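Can you make the complete structure from the sequences, with help from the hints?
For the sequence shown, numbering that gives the first Met the number 0 gives the first residue as 0, with consecutive numbering after it.
These are computed hints drawn from the structure, not numbers from a lab. Warning: the hint list may mix true and false statements.
[To be verified] Label-pair ranges, simulated between beta-carbon atoms:
no., residue 1, residue 2, range
1, Glu-60, Ser-21, 16 to 26 Å
2, Glu-68, Gly-41, 12 to 22 Å
3, Asn-70, Phe-179, 28 to 38 Å
4, Asp-5, Ile-38, 15 to 25 Å
All values derive from a computational prediction rather than experimental measurement. Here a beta-carbon is modelled for each residue, glycine too, at the ideal position from N, C-alpha and C.
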Amino acid sequence: MARIRDKENLVKATSEKYLRVSGSFDELSRRLWAANESISMGYGGVEVVSSAIGISKPTIEKGIKEIQENNYPRGRTRREGGGRKELSHKDPGIIQKLRELIEPSVSGDPQSSLLWVSRSIRRLSEEMSNMGYAVSHTKVRSLLLDLGFRLKGNRKNVEGKSHPDRNEQFQHISDTATAFMERNDPVISVDAKKKELIGNFKNNGK
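Right, dumping it as structure tokens:
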């Protein structure tokens with residue numbers, strides 16, 4: 000939990016740092032800035048910077064190679080906007096909005112550092128649209144992957160009708176867990192599944 004929270008804080012700090020200087024960037028300086036930040040962070044830096052400013056990992060890796068080999072274009076370069084912009088770069092705030100939207104419904108695998116969200120990507124797409132962001136469900140999926148979420152395999156999770164207080168329940172759990180972590184108190188995640196008895200063990204409730 001602490002490791003995941005530290006990464007979220009680092010992504011947020013990097014995004015804020017980038018927004019303070021990005022107005023003067025062209026395509027080259029943006030790539031080199033992202034690459035230099037990634038190098039400074041060390042292991043995992045590429046993923047953090049990619050999530051923070053919406054630049055692809057291959058682009059950052061290209062910049063790292065250019066810095067290491069001292070081999071990058073000098074002189075005039077294409078101004079940012081000369082090519083097609085990624086949605087997350089046209090509006091960097093979209094990543095933060097999505098993060099705020101999913102935070103109450105984030106779940107984790109207690110056996111790993113993987114994360115998933117209990118809402119469907121189509122529902123998230125609709126909610127983002129209601130907030131003024133025209134984002135397709137495929138783009139939501141891409142942004143979630145950039146934020147460190149992964150699809151759960153070998154299981155179909157269908158988001159259907161639920162109890163009207165379900166969201167309030169998860170919001171309460173999220174708020175309580177966050178309050179504990181802010182006080183550096185431990186938070187334990189328990190993964191429980193309903194057991195179904197079959198064959199000779201089944202008694203139909205008798």
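Cross-check of the supplied hints:
no.: 1; hint: Glu-60 - Ser-21: 16 to 26 Å; verdict: holds (20 Å)
no.: 2; hint: Glu-68 - Gly-41: 12 to 22 Å; verdict: holds (19 Å)
no.: 3; hint: Asn-70 - Phe-179: 28 to 38 Å; verdict: violated (49 Å)
no.: 4; hint: Asp-5 - Ile-38: 15 to 25 Å; verdict: holds (19 Å)
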